[in-house]
Structure formats: C-alpha cells, structure tokens
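Trainee: Letter by letter, the chains look like this.
Number of protein chains: 2
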Amino acid sequence: MVEKRTPLPVADAVHKVMKHQTSIDTEWIPIEEASERFLAEDIVADHDVPPFNKSPYDGFAIIADNTTNASREHPITLEVIGEIGAGSVFENNVGNGQAVRIMTGAKIPEDCDAVVMLELVQEHTDNGKNFIEIKRPFKQHDNISFQGEDTEKGTSLVSKGTYIHPGVTALLATFGYAQVPVAKKPVVGVIATGSELLDIKEPLQPGKIRNSNAYMILAQVQKAGGEAKYFGTLSDDFDTCLQAVKDALSEVDILLTTGGVSVGDYDYIPAILKNLKADVLFNKVAMRPGSVTTVASLEDQMIYGLSGNPSACYVGFELFVRPIIQNALHSSTPHLRKSKARLGVDFPKPNPFMRFVRAKLVDEGGSAAVFPAGLDKSGSVTSLSDANALIVLPGGTRGYQQDMIVDVLLLNEGEGSEWPWENIVPYYK
Amino acid sequence: MVEKRTPLPVADAVHKVMKHQTSIDTEWIPIEEASERFLAEDIVADHDVPPFNKSPYDGFAIIADNTTNASREHPITLEVIGEIGAGSVFENNVGNGQAVRIMTGAKIPEDCDAVVMLELVQEHTDNGKNFIEIKRPFKQHDNISFQGEDTEKGTSLVSKGTYIHPGVTALLATFGYAQVPVAKKPVVGVIATGSELLDIKEPLQPGKIRNSNAYMILAQVQKAGGEAKYFGTLSDDFDTCLQAVKDALSEVDILLTTGGVSVGDYDYIPAILKNLKADVLFNKVAMRPGSVTTVASLEDQMIYGLSGNPSACYVGFELFVRPIIQNALHSSTPHLRKSKARLGVDFPKPNPFMRFVRAKLVDEGGSAAVFPAGLDKSGSVTSLSDANALIVLPGGTRGYQQDMIVDVLLLNEGEGSEWPWENIVPYYK
Numbered sequence: 001m002v003e004k005r006t007p008l009p010v011a012d013a014v015h016k017v018m019k020h021q022t023s024i025d026t027e028w029i030p031i032e033e034a035s036e037r038f039l040a041e042d043i044v045a046d047h048d049v050p051p052f053n054k055s056p057y058d059g060f061a062i063i064a065d066n067t068t069n070a071s072r073e074h075p076i077t078l079e080v081i082g083e084i085g086a087g088s089v090f091e092n093n094v095g096n097g098q099a100v101r102i103m104t105g106a107k108i109p110e111d112c113d114a115v116v117m118l119e120l121v122q123e124h125t126d127n128g129k130n131f132i133e134i135k136r137p138f139k140q141h142d143n144i145s146f147q148g149e150d151t152e153k154g155t156s157l158v159s160k161g162t163y164i165h166p167g168v169t170a171l172l173a174t175f176g177y178a179q180v181p182v183a184k185k186p187v188v189g190v191i192a193t194g195s196e197l198l199d200i201k202e203p204l205q206p207g208k209i210r211n212s213n214a215y216m217i218l219a220q221v222q223k224a225g226g227e228a229k230y231f232g233t234l235s236d237d238f239d240t241c242l243q244a245v246k247d248a249l250s251e252v253d254i255l256l257t258t259g260g261v262s263v264g265d266y267d268y269i270p271a272i273l274k275n276l277k278a279d280v281l282f283n284k285v286a287m288r289p290g291s292v293t294t295v296a297s298l299e300d301q302m303i304y305g306l307s308g309n310p311s312a313c314y315v316g317f318e319l320f321v322r323p324i325i326q327n328a329l330h331s332s333t334p335h336l337r338k339s340k341a342r343l344g345v346d347f348p349k350p351n352p353f354m355r356f357v358r359a360k361l362v363d364e365g366g367s368a369a370v371f372p373a374g375l376d377k378s379g380s381v382t383s384l385s386d387a388n389a390l391i392v393l394p395g396g397t398r399g400y401q402q403d404m405i406v407d408v409l410l411l412n413e414g415e416g417s418e419w420p421w422e423n424i425v426p427y428y429k
Numbered sequence: 001m002v003e004k005r006t007p008l009p010v011a012d013a014v015h016k017v018m019k020h021q022t023s024i025d026t027e028w029i030p031i032e033e034a035s036e037r038f039l040a041e042d043i044v045a046d047h048d049v050p051p052f053n054k055s056p057y058d059g060f061a062i063i064a065d066n067t068t069n070a071s072r073e074h075p076i077t078l079e080v081i082g083e084i085g086a087g088s089v090f091e092n093n094v095g096n097g098q099a100v101r102i103m104t105g106a107k108i109p110e111d112c113d114a115v116v117m118l119e120l121v122q123e124h125t126d127n128g129k130n131f132i133e134i135k136r137p138f139k140q141h142d143n144i145s146f147q148g149e150d151t152e153k154g155t156s157l158v159s160k161g162t163y164i165h166p167g168v169t170a171l172l173a174t175f176g177y178a179q180v181p182v183a184k185k186p187v188v189g190v191i192a193t194g195s196e197l198l199d200i201k202e203p204l205q206p207g208k209i210r211n212s213n214a215y216m217i218l219a220q221v222q223k224a225g226g227e228a229k230y231f232g233t234l235s236d237d238f239d240t241c242l243q244a245v246k247d248a249l250s251e252v253d254i255l256l257t258t259g260g261v262s263v264g265d266y267d268y269i270p271a272i273l274k275n276l277k278a279d280v281l282f283n284k285v286a287m288r289p290g291s292v293t294t295v296a297s298l299e300d301q302m303i304y305g306l307s308g309n310p311s312a313c314y315v316g317f318e319l320f321v322r323p324i325i326q327n328a329l330h331s332s333t334p335h336l337r338k339s340k341a342r343l344g345v346d347f348p349k350p351n352p353f354m355r356f357v358r359a360k361l362v363d364e365g366g367s368a369a370v371f372p373a374g375l376d377k378s379g380s381v382t383s384l385s386d387a388n389a390l391i392v393l394p395g396g397t398r399g400y401q402q403d404m405i406v407d408v409l410l411l412n413e414g415e416g417s418e419w420p421w422e423n424i425v426p427y428y429k
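Protein chains in written order, with the working numbering: chain S, 1 to 429; chain B, 1 to 429.
Mixed in with the good hints, there may be bad ones.
It does not matter which identical chain is used: a pair holds within one copy or between any two.
Cross-link-like lysine-lysine pairs, in silico, DSBU-like; alpha carbons within 35 Å at most [to be verified]: (1) Lys-246 to Lys-16; (2) Lys-139 to Lys-284; (3) Lys-340 to Lys-160; (4) Lys-16 to Lys-160; (5) Lys-229 to Lys-184; (6) Lys-139 to Lys-349; (7) Lys-429 to Lys-16; (8) Lys-349 to Lys-153; (9) Lys-153 to Lys-229; (10) Lys-360 to Lys-153; (11) Lys-16 to Lys-360; (12) Lys-340 to Lys-360; (13) Lys-284 to Lys-340; (14) Lys-274 to Lys-129; (15) Lys-201 to Lys-153; (16) Lys-284 to Lys-135; (17) Lys-19 to Lys-184; (18) Lys-274 to Lys-429; (19) Lys-360 to Lys-184; (20) Lys-360 to Lys-349; (21) Lys-349 to Lys-135; (22) Lys-160 to Lys-201; (23) Lys-16 to Lys-284; (24) Lys-360 to Lys-139; (25) Lys-284 to Lys-246; (26) Lys-184 to Lys-201.
Keep in mind the hints are simulated off the structure, nothing from the lab.
Next comes chain S alone, as it looks inside the complex (with noise of 0.2 Å):
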C-alpha cells in the first residue's frame, strides 16, 4: 500500500539536518599538503611582520636630515661605508655624511631613516673610497617598511574554518607553520542500491543502465571536502542491503545511499532505517527534484537516502550532505553560495512545490544572468555537466518570466553561504 508522506519546506528540512552535527577531530598535516583543507584553529601572529625596519628597494641607506640642501645644481656627497645583504644585519654606526648600500628587504641600520634607491644616485670611487651623490632631499622614513607595518604581533590572521587558498598558506609560512592544524575530513560512505545498475565497466544491458550516481556523488563529497568511500552497489535483496548498511556505518561518519527511497515495492531504505531504529528527520521534501529524500540520525551519525534520479540526487546532496560536511570543517559558510541573477528566459512551468533548475549562469559584465541547461527533468544526466547553478524557485502555481531576478545558488565556488534560505522571492528590477 502507498505510505502517505507529507513533505517538509526545503528551509525547515535543512534546519533540522543542521541541527545534527558530526564532530571531527583535528589533524597537523605539512603545509605542502594543507591546500583546500579548512583551519582548526585560529591563526595569530606571533611576531611582526616585517619583523624590523626594512628596506623596500635597492639603494642605500641614509641619514635624512643629510639631504635638506640637496638639489640638482647642489649635490651632496655621502661617503659608502658598507654594504647590507638582505638577511644579514649592519652592526656598525653610521653618522652624518655617511650611507650604507642596502638590498632589498635587508634590515635598515639602526642610525639611519630612509632609504634612496640605486637609480636615484650617481656613484663614484675616490682613493679607495666609495661616494654617492644626491640630487635632492628626502624625508625621515622615506622608503621604508616599518615593523609591524603590515601585521602586528598578536593580530588575528585568519580564523578557524577559514579555506586554505595559496594567500593563506603564504600567512601559515610566514608564521612558521610547517605543520598545519587542519579539520579531519569526515568519513562520507556511498552505497548505490537497484538491481538495474551496471557498473561502470560494464557493457549495456537491456533493460539495465551504468551506475552513474555513484561517481557523482564521490565526487561530490570530495568537493565539499570530506573522504569518500564507496560500498558498491547492492542487489535488491533486502538482508543483504541491511547486513551492508550495518557493515558501512561502521566506517564512516555519514553514510549517503541512492536509489531505493521512493514507494516501490523494492525500495528498502525506508524498513532499513526501521529496522536499524534511526530516527528519520523527513521523508519527503517540498521540492523537485529530489521530494523523496531521506534523511536520519542515528546516534551521531547521518544517513541519508537520496533519490536515484541523477539531478534528483545532485540535488539532495548539495542542500543536505554539503553543509553537514562543511560544518564539520568548521566552516561559517557551508551552504552553497547564494545570489541573484536575470532569469535570461521564460520559465512557464508552474510548480506547487520549490523548483530547483539546473542552470548556466552567464556573468554579464559585473551582472548575472542565468538560463536553464539542458533538458529540467530529474533523470538527465547531461543538463548537469552544463550546469554551474541551480535557479531557485518558490513553489506556486504560475511560470515565472524572463528579466525576473530569481535566486540562485552557486555550484562551482568555495565560498558558501551563511543561511541562504530567507527572502526567495522573485522580482522585477
């Protein structure tokens, strides 16, 4: 018999998913491997940066108050009496009359409050001695970084959950973290179920179709940052797909199923979940694609059934696994990034449910526009290779028109979103 389900708004079915959060331990890992991972810790400069006075250009280092007269027609004259490589330190005194060659980035001796670049002077040798001449004044502190200039000791850098891009890892060198304290990713387990799946190395079947939302979703689940781990594909026998569910939780942190979840007669996820005595947060979502996503708790571990339907699955994945996953790397933004764009076509289809259409946004110079991709049905695979957005529409019963600002949610950027689930209302500009 048909089981009456009622289906959840999209925001309260992702309320109640967030409020279930995987715990992850921390990790150290070499700065060489930290790319893409997320901060565990906040990052806080133990020193200034620069760390002394420094010299910004090549040239020579002087005493300013030297200069005042200085002019094309009056030169001055300094006499050179030694040289600073960057990295090493002048530890001589240097008194009126006198300059010191400095290279780039090399400390600034302490007598001295500005620098003149190489270009600016004309040298010349005199019994063994080297001058240089100056055409015209300079300031006190004329051509110099400043410690702490750019950073001062105790400075916040960066936060916990932060993304590590190569600006950060640059940050994490300069501070001396040849070891990084990095978020674990969470274990996510993928398991395939329906007796009409081929793998992949198989030739078609009648009847039959190639397993393609395995791959998909392992790639998803490195994407959003954690380490997938497929299970295969399971047949349609029930013991065996509840013995692999069983076998599977042991592994992993969140464990992610596709297929099985609908009405049918071979679709066991739901008498899994019962027997196992998972708590179900929602079976069914007021949404297309993806209504009849699963999702349960289970201690503090999440299983989620999502749909079989390619788009469908997409889908369910990116409003309900990825911010589960992101949140445990500690990220402040995990949902998928939020924005607006012109809805460059009609979109006459009437829904009474929230519609998500997979999309091509197109950057008009400075201003989005967005058109569905390929064939809006939940089985099409090939709508979401072109995709790099989905257009979020409120459900209603009307289309939606051309030239509307609609919402859209980003596929392909790291940043996220804090909340993006308020004020999903379509307008004219």
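Based on these hints, arrange chain B on the given structure of chain S.
Mentor: Only chain B this time, still in chain S's reference frame:
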C-alpha cells in the same frame, strides 16, 4: 651599474608568454581520481540516454487507448499480468484490458505506451488475479522517458579541456568511462633565492624572514592544475644557483624562481638566464606590483623569474604562469576570470603603470562591489589571505573614484577567461 630595462605593457607580455606552448601527454586514470582534472579528449555519446523507453515513476504500464472512457464515476479495470523490476525486461505480450506493474527506471513493455502512477490507481484482488482501477483517461506517451530524450547517440557531450566537476563525472560514468583520459599535469618546479630566507621551521633571526613565497607558489601551482615540485632555497652564491637551476630543469616542464630578479648585486637570475642561453621574452612589465617579472624560454621549457615580494610574486604567477599551465591542460579559458565590479571606495593612488590591487569582491545581490584588501604594498602578505580578486586599474596619472565600474580578475573561480586583456577602462554607470 644599473641596467636599463624597457617595461612591456601587460597584455603584450601575456601575449608573448602564450606563444610558448608546453605540450603535455594524455594519461588514463580511474574515474574516482579524475575530479578536478581536465579532459584530454572530446567525450561523445556512444549510446542513447535513456538507452530504452523507461518509466520515470513507480506505477503500471498500460495501453493508453484502454483508458479513453475512464472517469471518477466510471473507472475502468485492468488486469495486472506481471511485474517489472528496474533492471529486468518484460518479455510477454500485453493485450487490451491488461497492465503490468512497473518500477521507476524499468523498461516499458513493447505493447504499452503510457504509465499510470501508483498513487492514482486502486488495487484489488479477485479470484487470485490482480486488478487496478483507473479513474481518468491517459494519453499515448504519458509518463514515459523516451530513449534518447536526454542524449542521442553521437551527441558531443563535453569537449577536450573541460574541467571535471561532479556533473561531468556523472556523464563519464553514464558512458562507461571507468578510466578517464586526462591531460598529464605539467611538472612545475619552484626555487626560492635569497640569503635572507629562513626555512619555515627555523625560529626568526635578526634581519631574516621566513620563506613564504615558495609555499604560496606551490599552492598556486596545485590550484592552477600543475604538479608542484619544490627544490628548496638557494643561497646567494652564483655557481650554486646556476647548478641548482640546471638540475631542476632536468626534472620539470616549467621552472619558477622567486627573488633575485631585481638589479641588486645579489640578483643572479638575469645572469643565470644568460649563462643558459635562454631566450628572455621580457624582464620588465609595465605593472605594479611585479614590474621586475622576468620570463624566458629554453627550447620547450619556460623559466620564470618572479619577484621576491609576496604580492608581486603572487600576481606574476597568476598573470603569466597560470595560463601556461592551463593551456597545457587544454583549457579554452586559461586566464583568470575577468568580470566587472563597482569600486567600493576611492582609490586615489596615482600610478604610471597598470596596477593590480588585491581586493575583496562582495556580492551585493547579483552585482558585485570590490574593496582593496588591507595594505596595498607589494611586500604585504596578510592582504593576500583576504583577497578573492584583483582590481585592474590601467596606468595613468590620476586615481579612481568610488562607484566607478572597474575590471576585476577573480582569484577563486575554477572557470577562467579566454583573453581578458581588452577594453580595460573604468567608467561610471
């Protein structure tokens, strides 16, 4: 003595670099490892998707004509003569007055031409036979996913050079690519020069700084799609440097050095390039930061002398190295993505050269605003950790005002630009 160098406009410099192609082989790797790689071949559909007419719902396959007179008051009754699980095929004939139970994704029997959803029928059993009642008429082709409606055999699906995101992975799995042809990652070596550099593990010492550039560039190489190989920090000894560069060149496709490209007494890169008889494409670019960026070619290898200043080094990489790596990966959009944004504050600093300002791009609901990130000095390392864009300000003697629309290069976007170096002119909207 100071060598005179003629600064080359940025677009010309990029153009010169792009003439040199690094040729890269194809390798076949398991689909599970192909995420974030680039396809080395066009992918063409070798079968229809779906490969047969299938049911998008759980329900009953019927002959539509049988339901012409069905109504709430006068439901019609069909005998259920069998069942088709997903993945199996119904071999028997279906005649008038008959129906077949069908699961989501299963193949429609030859004789049937519509599907009735499970929820819409009333089931009953009579004398050991199963029947359904249908209360409204269905049309031919109702609720059928037709063979090839998603993709027809022979359709070009994704082209060589496509970045493999989860949607592309789904497509590859659908078409049986257990092994995926991807471009081999070009091997990019990194050498840091400068005796002021401390290893990342060493405690600070007077006059010295930690080597942050090398780790930053290693991360940039990975992000751009290359395989990064670190050759360590060199001292200021010329012969040691030369030998290290020669050794590194025997192991890489592209070699990056950081530091040592200015006109200081310890800046050996120009002399090394001369010694190697490398063809110097340019050694000065009309830009800030990074004007000393040097690029040379040596047969089919590229050698880069990037600045020792963190931000100058960063910008030099993104402008001149990233597109060469992406080209080797067959990307059709190898450059940083160009977009436009509203300048959020005045930028009064005048500049004779084109300026790249590290900046934070903020989404203001479908249109973008951009704000300089931190201190705009080429030595600044902290501003890089906040930045997600570079503001591009063309050379000129005046500054730029708030609310002008300026060009920006996006740092964290997977998708790039074809050729961003046209029409860079700020304007008021």
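Trainee: Evaluate Lys-349 and Lys-135 at a C-alpha cut-off of 35 Å and name the case that applies: within, between, both or neither.
Mentor: So Lys-349 and Lys-135 pass the 35 Å test across copies only (25 Å; inside, 76 Å).
Trainee: Between Lys-229 and Lys-184, at a C-alpha cutoff of 35 Å, which is it: within one copy, between copies, both, or neither?
Mentor: Classified as both; 15 Å inside a copy, 25 Å across copies.
Trainee: Checking Lys-160 and Lys-201: alpha-carbon separation at most 35 Å within a copy, between copies, both or neither?
Mentor: between (42 Å within a copy, 22 Å between copies)
Trainee: Under a CA distance limit of 35 Å, which applies to Lys-429 and Lys-16: within one copy, between copies, both, or neither?
Mentor: Within one copy only: 34 Å inside a chain, 44 Å across chains, cut-off 35 Å.
Trainee: How would you classify Lys-201 and Lys-153 at a CA-CA limit of 35 Å: within, between, both, or neither?
Mentor: For Lys-201 and Lys-153, the Cα distance is within 35 Å only across copies (19 Å; inside one copy 57 Å).
Trainee: Checking an output row: Lys-139 and Lys-284, CA cutoff 35 Å. Within, between, both or neither?
Mentor: between (72 Å within a copy, 29 Å between copies)
Trainee: Please work out whether the CA atoms of Lys-274 and Lys-129 approach to 35 Å or closer within one copy, between two copies, in both situations, or in neither?
Mentor: The answer is between: 31 Å across copies meets 35 Å, while 92 Å in one copy does not.
Trainee: Can you tell me if Lys-274 and Lys-429 fall within 35 Å by alpha carbon in one copy, between copies, both or neither?
Mentor: Neither, since 49 Å and 60 Å both go past 35 Å.
Trainee: Have a look at Lys-139 and Lys-349 and pick one of within, between, both or neither, based on CA distance no larger than 35 Å.
Mentor: For Lys-139 and Lys-349, the Cα distance is within 35 Å only across copies (20 Å; inside one copy 70 Å).
Trainee: State whether the alpha carbon distance between Lys-340 and Lys-160 is at most 35 Å within one copy, between copies, both, or neither.
Mentor: So Lys-340 and Lys-160 pass the 35 Å test inside a copy (28 Å) and across (31 Å) alike.
Trainee: Cα distance capped at 35 Å. Does Lys-360 pair with Lys-184 within a copy, between copies, both, or neither?
Mentor: Answer is both; intra-copy 33 Å and inter-copy 28 Å each pass.
Trainee: Check Lys-16 against Lys-160 for me: Cα-Cα at most 35 Å, and say if that holds within a copy, between copies, both or neither.
Mentor: Result: close within a single copy only, 24 Å intra versus 42 Å inter.
The earlier numbered hint that this structure contradicts is number 18, and it is the only one.
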